[in-house]
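K.L.:
Once you have looked at the hints, place chain B on chain A.
There are 2 protein chains.
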Amino acid sequence: MSAPAATALTAQPALLTVRWSDGTVGEFASIWLRDNLPEDRDPHSGQRLIDVADLPSNPRIGSASLQGDCASIRWQDEPRTSTLPLAWLYEFAAGRRDRPELQRRIWLDGATLSAQRDFAWLAWAQLQADEAARLSWQTRLLQDGLAFLRDVPRVDGAILEAMNLVGQVAETNYGRLFDVRAVEQPENLAFSDRGLGLHLDNPYREPVPGFQALHTLLAAPDGGDSLFADGFALATHLRETAPAAFDLLARTPVPFRYQGTGADLYAERPLIELSCTGEIAAVAYNNRSIQPLRLPAGDCAAYYAAYRRFAELLREPRFQLATRLENGDLALFDNQRVLHGRSGYASARHARHLQGCYVTRDSVYSKTALLRQRRQGRAP
Amino acid sequence: MSAPAATALTAQPALLTVRWSDGTVGEFASIWLRDNLPEDRDPHSGQRLIDVADLPSNPRIGSASLQGDCASIRWQDEPRTSTLPLAWLYEFAAGRRDRPELQRRIWLDGATLSAQRDFAWLAWAQLQADEAARLSWQTRLLQDGLAFLRDVPRVDGAILEAMNLVGQVAETNYGRLFDVRAVEQPENLAFSDRGLGLHLDNPYREPVPGFQALHTLLAAPDGGDSLFADGFALATHLRETAPAAFDLLARTPVPFRYQGTGADLYAERPLIELSCTGEIAAVAYNNRSIQPLRLPAGDCAAYYAAYRRFAELLREPRFQLATRLENGDLALFDNQRVLHGRSGYASARHARHLQGCYVTRDSVYSKTALLRQRRQGRAP
Numbered sequence: 001m002s003a004p005a006a007t008a009l010t011a012q013p014a015l016l017t018v019r020w021s022d023g024t025v026g027e028f029a030s031i032w033l034r035d036n037l038p039e040d041r042d043p044h045s046g047q048r049l050i051d052v053a054d055l056p057s058n059p060r061i062g063s064a065s066l067q068g069d070c071a072s073i074r075w076q077d078e079p080r081t082s083t084l085p086l087a088w089l090y091e092f093a094a095g096r097r098d099r100p101e102l103q104r105r106i107w108l109d110g111a112t113l114s115a116q117r118d119f120a121w122l123a124w125a126q127l128q129a130d131e132a133a134r135l136s137w138q139t140r141l142l143q144d145g146l147a148f149l150r151d152v153p154r155v156d157g158a159i160l161e162a163m164n165l166v167g168q169v170a171e172t173n174y175g176r177l178f179d180v181r182a183v184e185q186p187e188n189l190a191f192s193d194r195g196l197g198l199h200l201d202n203p204y205r206e207p208v209p210g211f212q213a214l215h216t217l218l219a220a221p222d223g224g225d226s227l228f229a230d231g232f233a234l235a236t237h238l239r240e241t242a243p244a245a246f247d248l249l250a251r252t253p254v255p256f257r258y259q260g261t262g263a264d265l266y267a268e269r270p271l272i273e274l275s276c277t278g279e280i281a282a283v284a285y286n287n288r289s290i291q292p293l294r295l296p297a298g299d300c301a302a303y304y305a306a307y308r309r310f311a312e313l314l315r316e317p318r319f320q321l322a323t324r325l326e327n328g329d330l331a332l333f334d335n336q337r338v339l340h341g342r343s344g345y346a347s348a349r350h351a352r353h354l355q356g357c358y359v360t361r362d363s364v365y366s367k368t369a370l371l372r373q374r375r376q377g378r379a380p
Numbered sequence: 001m002s003a004p005a006a007t008a009l010t011a012q013p014a015l016l017t018v019r020w021s022d023g024t025v026g027e028f029a030s031i032w033l034r035d036n037l038p039e040d041r042d043p044h045s046g047q048r049l050i051d052v053a054d055l056p057s058n059p060r061i062g063s064a065s066l067q068g069d070c071a072s073i074r075w076q077d078e079p080r081t082s083t084l085p086l087a088w089l090y091e092f093a094a095g096r097r098d099r100p101e102l103q104r105r106i107w108l109d110g111a112t113l114s115a116q117r118d119f120a121w122l123a124w125a126q127l128q129a130d131e132a133a134r135l136s137w138q139t140r141l142l143q144d145g146l147a148f149l150r151d152v153p154r155v156d157g158a159i160l161e162a163m164n165l166v167g168q169v170a171e172t173n174y175g176r177l178f179d180v181r182a183v184e185q186p187e188n189l190a191f192s193d194r195g196l197g198l199h200l201d202n203p204y205r206e207p208v209p210g211f212q213a214l215h216t217l218l219a220a221p222d223g224g225d226s227l228f229a230d231g232f233a234l235a236t237h238l239r240e241t242a243p244a245a246f247d248l249l250a251r252t253p254v255p256f257r258y259q260g261t262g263a264d265l266y267a268e269r270p271l272i273e274l275s276c277t278g279e280i281a282a283v284a285y286n287n288r289s290i291q292p293l294r295l296p297a298g299d300c301a302a303y304y305a306a307y308r309r310f311a312e313l314l315r316e317p318r319f320q321l322a323t324r325l326e327n328g329d330l331a332l333f334d335n336q337r338v339l340h341g342r343s344g345y346a347s348a349r350h351a352r353h354l355q356g357c358y359v360t361r362d363s364v365y366s367k368t369a370l371l372r373q374r375r376q377g378r379a380p
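Protein sequence lines, in the order shown, are assigned to chains A and B. When the letters of the first sequence are read in order and numbered with our numbering, they come out as residues 1 to 380. When the letters of the second sequence are read in order and numbered with our numbering, they come out as residues 1 to 380.
Pulled out of the complex, with its shape left as it was, chain A reads as follows:
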């Protein structure tokens, strides 16, 4: 990215101040500068060669000056002069982040939205051949938490071919893909013809699957419609309208378990997970696999009231995006953010067959970044 011209440098022992022609002012702590000198990076891999414990604990700037497109820094206590590219410093000063996919767009009132109109769609042929369209689609997938493919060949395993273009398929004890259709005596009620309330998959797993794909090989002629809701929007709504309930849900671990042939999976996590700075980082909700809460009897009334309030939000029709996936459609969604469910259908009268798989979180972001770099001519 280009940066405007730097116009002035001011050095104090612990602080470098840089002014740019667009009015941006950057303040850089001496220890931060000392930690990020280009000469302490491996020229080939770009990896840092030093450890913070290798640095002087209190590096003092002696003087600094503009030298072409770099800032030149003389240190008081070391016989070295360091140069840092001004365009690189500008990125930090301006808070620039060339990652539009990190700009999350939450959507609360799902019922006012149309899957066809308001979310990103990409046809199978474009997925294969049109990198610009794929970059745009992946960016919106990551922003909205949900996007769709159409015309995915209705053959066994086509979902894996599709997902290997978007990210990396995560293998679990279910294998690389799983079939969703009604069977007798299912080990998991997903494999029945029951309606399923909004949920996220596999909260009993560690790690929880990052993304989930569901490919419609055969739609039921009626019933089996899909529901989606943005769990981050719902959690944000709860935080605004019932902060005490939100805090309880975020602070209380909930046990989840799945027992089946060849697996006994158990994990504890809160229904709403916060990042280390208090931002909503994940939601986990699956009424089928929640185990008995390990709470003192005296804490149950308050926790259950909060838990019920969240569950009731999930049932409010205004928050639900309802859509019907036709043959060849594929829904891909963030499985720690976007809840999914379905209406029931009559399996005795009609078959219905979906294939599903999970995709690792980082791989989707990685492929998006690589696509963008390739479009920008910055990568092969």
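Among the hints, erroneous ones may be present.
[Said to hold, decoys possible] Okay, the calculated bits of chain A under chain B, using three or more residues with CB under 8 Å as the criterion:
(1) 35-43
(2) 48-60
(3) 201-211
(4) 251-262
(5) 291-301
(6) 362-371
It should be emphasised that the hints constitute simulated quantities derived from the structure, not laboratory data. Treat the numbers as computed from the prediction; the structure is a model and nothing was measured. Note that beta-carbon positions come from the ideal geometry of N, C-alpha and C, so glycine has one too.
P.N.:
Positioned in the frame of chain A, the structure of chain B alone reads:
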């Protein structure tokens, strides 16, 4: 598990109290009981058929009585009588958890320990054929965060065969396994002959690999020794000796990145990650992939002081378990807890060749639980 006899039941509208002959007293909130009725579970899969929003918000117990090995509950506002097994209630009342692998044992003074003497070892033949030994070994692996195999065949991919018995191998952009040996111009300095300070692998990944295995195909005759330290013990030590530094590390996200052929991986996470109840849940430390911190200049001095303090702990010899992995040895460790490193070696004089892979966290716990159930005759 067997339970002593229940001797008395006392019912109030919102609380059932049960006394057992060993003195255990269990208090169960009415909403908790109502949420956990056996009749609301699918008899085949065991999955819960109801949602918390289906429950009465304030279920009141009318009366309760001992009925053989069950507690029988009449509800005030519903025409139903429910029965709950007393042995099942006892497990909650007594806080029983039949999962010894969850009893973590942290070890701070690694230098006083011997890998051979103080950690679990299992020979290849036992891994294949001795389920009792395998259960014991896996349990200690999960308790200590580190365990070893010996006599693993020195052939390409034997590590995968071994790890498929212990858990499930996680495929990444590196593939299912990676080779650790010195190459020219490595994309990752792990693939050089440099010494590597204590670190955890791939903090730039989401999810971070749960476990890491390293199999010695060819040890260097000198150098290339292995170091390990228990990050949970170090973080606990920091929390006790420098609580403000600990809090800063736990509350500040750090950017990590890896750019290589076919991958651009980026994640932000704190160096010390806490669970929703404030317990140490993960550590992330890798000086090679830490990116410039996005901190206001005024916050740098305090953060860097805490960061340095943690980095200095990692360098203290007293905390480091040093060992030498011989040909055929395999180290398996929790990659979000146990840091690993190596001394440098002279690749020009001696080859050294390890193969590594990652194993998903849940799969190791799942296989451990299944092994235990099989030993106890509770699973096929």
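K.L.:
If a hint holds in the structure, say so; if it does not, say that too.
P.N.:
Evaluated hints:
Counting residues of the region 35-43 of chain A whose beta-carbon sits less than 8 Å from any beta-carbon of chain B gives 3, enough to reach three: the coverage restraint holds. Counting residues of the region 48-60 of chain A whose beta-carbon sits less than 8 Å from any beta-carbon of chain B gives 8, enough to reach three: the coverage restraint holds. Counting residues of the region 201-211 of chain A whose beta carbon lies closer than 8 Å to any beta carbon of chain B gives 5, which reaches the threshold of three, so the coverage claim holds. Against chain B, the region 251-262 of chain A contributes 6 residues with a C-beta closer than 8 Å to a partner C-beta. That satisfies the three-residue criterion, and the hint holds.
Figure legend: the region 291-301 of chain A, annotated as covered by chain B; annotation consistent (9 residues with Cβ-Cβ distances under 8 Å, at least 3 required). Figure legend: the region 362-371 of chain A, annotated as covered by chain B; annotation consistent (6 residues with Cβ-Cβ distances under 8 Å, at least 3 required).
Going through the hint list in order, the structure satisfies each hint without exception.
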